[in-house]
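J.: Chains as they are written, first to last, in the working numbering: chain A, 70 to 597; chain B, 174 to 400.
Please keep in mind that the hints were generated in silico from the structure rather than gathered at the bench.
Heads up, some of the hints might be wrong.
Stated by the list, open to error - Straight-line distance between alpha carbons at most 30 Å, and here's what the computed BS3-like set of lysine-lysine pairs gives:
| id | chain 1 | residue 1 | chain 2 | residue 2 |
| --- | --- | --- | --- | --- |
| 1 | B | Lys240 | A | Lys494 |
| 2 | B | Lys386 | B | Lys240 |
| 3 | A | Lys494 | B | Lys386 |
To be verified - Residues of chain B clear of chain A, computed beta-carbon distances all greater than 12 Å:
| id | residue |
| --- | --- |
| 4 | Gly200 |
| 5 | Phe201 |
| 6 | Gly329 |
| 7 | Ala360 |
From the three backbone atoms N, C-alpha and C, an ideal C-beta is built for every residue, glycine too.
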Amino acid sequence: MKLDEIAAPLQIPPLGRTAPMTLASVTTTAPEPEASTRLWLAVHLPRFTLDMATRGNAERKACVLVDGEGARQRISLANAEAVRLGIRVGMPLAAAHALGEVLAFMRVPAAEERAMEQLCDWAYQFTPLVAPVAPDGLLMEIRGSLGLFGGLSGLVARLRRELRQLGFQTIAFGTAPTPTAAMWLARARQSAAVESLAALPAALSQVSLEVLDLPAKLQQDFCGIGVRTIGECLRLPRDSLARRFTPGLLLSLDRGLGRTPDPRAAFVPRQRFASRIDLLWEIHHAQGLALAMERLLNELTGVLRAQASVSRHLLWQLHHADGSVTQHPIGLLEPSREVLHLLRVSREYFLRQQLHAPVRGISLEVAQFEVLPSAAGRDLFARREDSAERETLPRFAERLRARLGERALQTLRTQADHRPEWASKLQTVNTSSLNAPAPPAQDLSRRWPERPLWLTRQPLPLIEHDGRPSYDGPLELANERERIEAGWWDGAQVSRDYFIARNQHGSRLWVFRDLAGSRGWFLHGIFE
Amino acid sequence: MTLEELIRRAKLWRAGEVASGEGLSTGFEQLDALLPGGGWPSPGLVEILTAYPGIGALRLVLPALAKLSLLKHWLIWVAPPHLPYAPALQAAGVEISRLLVIDLEQAAAGANSGLPARRAPRRGKRAISSVNDSELWAFEQALRFVDCGAALYWPGQLEALALRRLQLACEAGGSLGILFRDQGCAAQSSPASLRLALNPLAGTQEVAIEILKCRGTPRERECRLVL
Chain A
70 MKLDEIAAPL QIPPLGRTAP MTLASVTTTA PEPEASTRLW LAVHLPRFTL
120 DMATRGNAER KACVLVDGEG ARQRISLANA EAVRLGIRVG MPLAAAHALG
170 EVLAFMRVPA AEERAMEQLC DWAYQFTPLV APVAPDGLLM EIRGSLGLFG
220 GLSGLVARLR RELRQLGFQT IAFGTAPTPT AAMWLARARQ SAAVESLAAL
270 PAALSQVSLE VLDLPAKLQQ DFCGIGVRTI GECLRLPRDS LARRFTPGLL
320 LSLDRGLGRT PDPRAAFVPR QRFASRIDLL WEIHHAQGLA LAMERLLNEL
370 TGVLRAQASV SRHLLWQLHH ADGSVTQHPI GLLEPSREVL HLLRVSREYF
420 LRQQLHAPVR GISLEVAQFE VLPSAAGRDL FARREDSAER ETLPRFAERL
470 RARLGERALQ TLRTQADHRP EWASKLQTVN TSSLNAPAPP AQDLSRRWPE
520 RPLWLTRQPL PLIEHDGRPS YDGPLELANE RERIEAGWWD GAQVSRDYFI
570 ARNQHGSRLW VFRDLAGSRG WFLHGIFE
Chain B
174 MTLEELIRRA KLWRAGEVAS GEGLSTGFEQ LDALLPGGGW PSPGLVEILT
224 AYPGIGALRL VLPALAKLSL LKHWLIWVAP PHLPYAPALQ AAGVEISRLL
274 VIDLEQAAAG ANSGLPARRA PRRGKRAISS VNDSELWAFE QALRFVDCGA
324 ALYWPGQLEA LALRRLQLAC EAGGSLGILF RDQGCAAQSS PASLRLALNP
374 LAGTQEVAIE ILKCRGTPRE RECRLVL
């Protein structure tokens with residue numbers, strides 16, 4: 070069917086109705102678009118809702134989204150696995166069930182909107198102008214970002230890779246000087262970039278009218294007159310198009326072609342992060358959460374990058390099948406936004422945890438963002454923080470602490486005290502002890518006679534034979550003795566005579582005789 | 174890669190020859206002279222076997238540790254049987270701010286009581302295998318940590334398979350791993366690069382050091398040192 074045959078009846082004068090007043094402003098002049106220097110990248114996620122619902126599970130299952138109620142439930146979206154089973158959009162749910170095992174989801178508009186906002190938070194790392202397009206797309210103004218991300222192809226490749234890491238399987242991009250046209254191109258899966266307004270009409274001419282998201286009635290009307298593409302629609306006379314169909318359509322077309330301004334409210338990102346992944350089935354071991362954790366951390370690090378921030382506290386929450394929620398806060402020694410590091414620490418942490426009940430969902434919250442320490446103090450040629458593969462001590466310590474417990478890592482400190490057990494202390498590693506350079510340890514060794522390398526945790530009482538102490542055989546005491554009397558000022562007074570002793574096996578030991586109380590012999594050190 | 178490069182990498186050694194890797198001097202001339210490579214095999218796993226405590230097993234490695242700590246490498250001690258004593262370490266020239274101690278029993282015990290956990294001076298068999306596993310894991314991580322110069326471990330029981338893993342971890346991380354074990358383990362076969370047995374000599378201050386195993390042929394099997 071030729072367009073001209075159909076176009077003719079449209080030129081018949083309207084049926085007595087006058088044009089709406091608003092039309093005048095739309096049709097009179099096509100203002101010179103101020104947006105000509107802008108370049109919009111539209112990201113269309115056709116299976117947004119399904120991808121969000123299934124992204125916590127590595128195993129792929131046929132999933133569909135259903136609309137309607139009861140017996141009239143119809144498939145509105147099917148993932149690749151479902152399509153492979155032969156399931157098509159528009160099919161009744163019952164028919165889909167007959168084709169194979171299928172998981173069905175209902176749409177929850179509020180949740181979708183929230184998820185899209187989170188995605189905008191994440192996308193803010195690429196450009197300061199991000200706008201969500203309900204229900205399954207977002208727009209980014211990227212003219213200024215091209216240089217930083219290696220041109221359009223570099224940016225698109227990176228977005229594609231990172232969106233995959235977030236769990237989106239089906240991703241389409243469209244690039245155009247107007248946001249509306251970019252979205253149309255993305256929906257039509259035309260990934261070739263259109264960089265100038267002049268090239269837009271040609272690029273859009275073959276795009277199906279479906280991308281305009283018209284009301285079903287209007288869509289049918291166009292079908293009825295044989296108009297299927299934007300190009301065909303544009304060839305219809307303007308005034309009659311506005312009269313016979315809705316003026317909104319004309320406005321939308323003008324916006325798409327850049328004939329009229331198309332303002333977009335810039336999304337305002339938030340300085341906090343909360344995201345949740347629901348799992349398709351119950352998970353009994355923490356290992357099963359690895360993928361969901363990785364996805365959430367990828368999302369978090371994107372948001373942190375967008376805010377030039379780092380975080381020190383992660384709050385993991387496990388949503389259990391019995392309705393309970395367990396909190397798992399992880400405090401980091403060194404704030405970070407590196408996926409690999411955060412993932413390692415979280416993994417070590419969860420390896421230690423016993424799940425008291427199966428898990429149905431996992432969420433990650435970060436309430437406080439810390440500003441990334443300024444780059445000013447850093448060496449220009451130092452490796453970039455994001456690419457640092459090399460593990461530093463704080464990171465190493467972090468990983469061990471997560472697995473072994475907060476008190477497992479210790480450092481040695483000295484103290485000017487004559488009491489042997491006070492002179493040297495093991496101290497639990499914490500944030501301050503790693504970040505602040507340790508005060509230079511006092512070297513006490515020069516002032517004192519020889520000290521043993523090992524100190525027993527507590528003095529061990531020794532058995533006496535004929536007035537001589539014994540440890541694995543009688544001890545031979547050296548002639549020199551060292552008297553240590555100190556601590557009367559803080560209630561932990563000691564008064565001891567120390568000797569270096571040797572037993573029959575050649576073990577050199579540090580023993581003392583308690584002068585204050587029992588007058589007994591004790592082992593206090595080993596010259597290992 | 175040329176053959177010389179391969180040989181220099183210390184991963185390749187030819188039987189019957191002194192290992193080509195550059196050893197880390199032990200600080201004892203007599204011992205350096207014996208050891209293929211002129212010192213501790215680094216990277217590599219070393220086992221030091223003793224029958225009794227207090228005969229100088231730790232003093233044997235201290236000069237090397239002191240040197241590593243001055244070069245800003247980390248020293249990581251896993252499950253030491255007693256408290257490492259700072260004044261003595263400083264006297265030996267060890268930079269104690271470079272020392273990290275990993276102690277799980279202390280972590281478990283210290284959490285609720287104010288008193289330090291009490292441990293028998295001679296390590297018996299430890300019942301809790303999970304503690305053992307975690308220590309082993311921590312030691313392996315330490316060996317693989319790039320900034321670690323030397324990691325020391327006083328293990329309970331160790332299986333041959335675990336030893337193999339540790340040897341590989343040393344090579345991967347380029348670090349020196351030192352295991353302090355009971356002389357009873359001498360009969361167990363081991364993939365370690367170097368195994369030494371320490372025995373005090375009755376009536377003298379000397380300790381006999383016997384090379385049970387090393388890569389390459391040592392010039393002598395035994396030497397005597399005052400530790």
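J.: Far enough from chain A: is every CB of that chain over 12 Å from the CB of Phe201 (chain B)?
T.: Phe201 (chain B) clear of chain A: closest Cβ-Cβ about 16 Å, beyond 12 Å.
J.: Taken at face value, is the distance from the CA of Lys240 (chain B) to the CA of Lys386 (chain B) at most 30 Å?
T.: Roughly 25 Å separates the two Cα atoms, so the pair holds.
J.: Holds or violated: is the Cβ of Gly329 (chain B) farther than 12 Å from all Cβ atoms of chain A?
T.: holds, 16 Å
J.: Using Cβ atoms and 12 Å as the threshold, tell me whether Ala360 (chain B) really stays out of contact range of chain A.
T.: holds, 20 Å
J.: Lys240 (chain B) and Lys494 (chain A) were given as a pair; does the straight-line alpha-carbon distance stay at or below 30 Å?
T.: Between Lys240 (chain B) and Lys494 (chain A) the Cα gap is close to 23 Å, so the pair holds against 30 Å.
J.: Confirm or reject the statement that Gly200 (chain B) sits farther than 12 Å, beta carbon to beta carbon, from all of chain A.
T.: At roughly 15 Å from the nearest Cβ of chain A, Gly200 (chain B) sits farther out than 12 Å, so the non-interface label holds.
J.: Within a Cα-Cα threshold of 30 Å, do Lys494 (chain A) and Lys386 (chain B) meet the stated pairing?
T.: Distance ~37 Å between Lys494 (chain A) and Lys386 (chain B) Cα, so the pair is violated.
In this structure, the one hint that does not hold is number 3.
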